[in-house]
Amino acid sequence: MREKPILRVGTKLLIPFILLFALYVQFHGDFGPGGGFQAGVIFAAAFILYALVFGMANARAALPAGLRRQIMALGVLLYAGVGVVGMLAGGNFLDYSVLSDTPTTGQHIGIFLVELGVGMNVFAAMATIFFVFASRDPSAKEDG
Amino acid sequence: MIELLDIAVLSMMVVSAVAVLWLRNLFAVVMLSGAYSLLAATLYVLLDAVDVAFTEAAVGAGIATVLMLGTLTMVPRQEKETRRGSLGGLLVVAATGALLVYGTLDMPEFGDPDAPIHRHVVPRYMQDSPAEVGLPNVVTSVLASYRGYDTLGETTVIFTAAIGVMALLGWGRRRKP
Chain H
1 MREKPILRVG TKLLIPFILL FALYVQFHGD FGPGGGFQAG VIFAAAFILY ALVFGMANAR
61 AALPAGLRRQ IMALGVLLYA GVGVVGMLAG GNFLDYSVLS DTPTTGQHIG IFLVELGVGM
121 NVFAAMATIF FVFASRDPSA KEDG
Chain R
1 MIELLDIAVL SMMVVSAVAV LWLRNLFAVV MLSGAYSLLA ATLYVLLDAV DVAFTEAAVG
61 AGIATVLMLG TLTMVPRQEK ETRRGSLGGL LVVAATGALL VYGTLDMPEF GDPDAPIHRH
121 VVPRYMQDSP AEVGLPNVVT SVLASYRGYD TLGETTVIFT AAIGVMALLG WGRRRKP
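These protein sequence lines are chains H and R, in that order. If you count the first sequence from 1, position 17 lands on 17 in our numbering, and the numbers rise without skipping. If you count the second sequence from 1, position 171 lands on 171 in our numbering, and the numbers rise without skipping.
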């Protein structure tokens, strides 16, 4: 892909906006359509685009396998952890109302954290599935 | 007007589905199934299910297409020529389709306020979620709070899927060529 400057420059211009849009979808899901799942997929799409244009070796350097696995596991842990914190605070599992003084504030905090967990998990899982698939591609091996 | 749009989107979906069956070039098939997903997302917007449309566009049209393209790099581009005109297959497909259509005859009218789905827990969510959860987007309230168990399960499913892919395809280890 080194001989395609338009593609490379266009990708570099697009990626920050894709990441920003993913963050918007993540943190605006309370008010409009969207949420952790969609945000995670869009965030992963930015890295997939990067991998397609700049090759798997660069993409691996940007997002190492160990980091992906940690984000993936941390997302599920964060979700389940919010539930356990709710239990420790005296409520039921995944009852966010006890997380703060007023129930609606607690719900806000709980939903924010839970959606963040979903976003982290989905992002890392989608990126991992693509990376693992793509590194079996014979033409990707030449890049590294 | 909306009905016209519905008919236009649905007929384009039928055309792309038939074309997927007809074509032998797998690259075109993958692209057309992506287009099919995008049309489905448009249909969900027409049905006022914006959150579902968003997911369909991101996952069905985006990630699924990329994964299929990734698979295409490992297999030939052209589908193998098979003997066409299997009468038994046609009969099975026609019978299954007829059964499915027969099943829809029992369904309530679209937008019917007396449909079972609108009389179970939905009125309670719509009335009480502003006071109980306080989010403007009730879909998020239902997914993350009222149905938090289900969403935790879905998150675990995605986690398990990624673990399974890593276990099957070698933990990201690159094989020596």
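Worth flagging that the hints you see were computed from the coordinates, not collected in a lab. Source: prediction; values computed, not measured. C-beta atoms are modelled at their ideal positions from N, C-alpha and C, and glycine is treated no differently. Worth double-checking, as some hints may not be accurate.
From chain R, some residues computed to sit far from chain H (all C-beta separations above 12 Å) [unchecked claim]: (1) Y36; (2) V45; (3) V66; (4) T82; (5) R147; (6) V165.
Interface residues of chain H toward chain R, partial, derived using beta-carbon atoms under 10 Å [stated by the list, open to error]: (7) I6; (8) A39; (9) Q70; (10) G75; (11) A89; (12) G90; (13) T128.
Per the computed footprint, the stretches of chain R lying under chain H, defined by three or more beta-carbons under 8 Å from a beta-carbon of chain H, are [stated by the list, open to error]: (14) 6–12; (15) 131–144.
Results of checking the hints against the structure:
{"no.": "1", "hint": "Y36", "result": "holds, 18 Å"}
{"no.": "2", "hint": "V45", "result": "violated, 10 Å"}
{"no.": "3", "hint": "V66", "result": "violated, 6 Å"}
{"no.": "4", "hint": "T82", "result": "holds, 26 Å"}
{"no.": "5", "hint": "R147", "result": "violated, 10 Å"}
{"no.": "6", "hint": "V165", "result": "violated, 5 Å"}
{"no.": "7", "hint": "I6", "result": "violated, 21 Å"}
{"no.": "8", "hint": "A39", "result": "holds, 9 Å"}
{"no.": "9", "hint": "Q70", "result": "violated, 13 Å"}
{"no.": "10", "hint": "G75", "result": "holds, 7 Å"}
{"no.": "11", "hint": "A89", "result": "violated, 15 Å"}
{"no.": "12", "hint": "G90", "result": "violated, 17 Å"}
{"no.": "13", "hint": "T128", "result": "holds, 5 Å"}
{"no.": "14", "hint": "6–12", "result": "violated (count 0)"}
{"no.": "15", "hint": "131–144", "result": "holds (count 12)"}
Against the hints set out earlier in the document, violations occur for numbers 2, 3, 5, 6, 7, 9, 11, 12 and 14.
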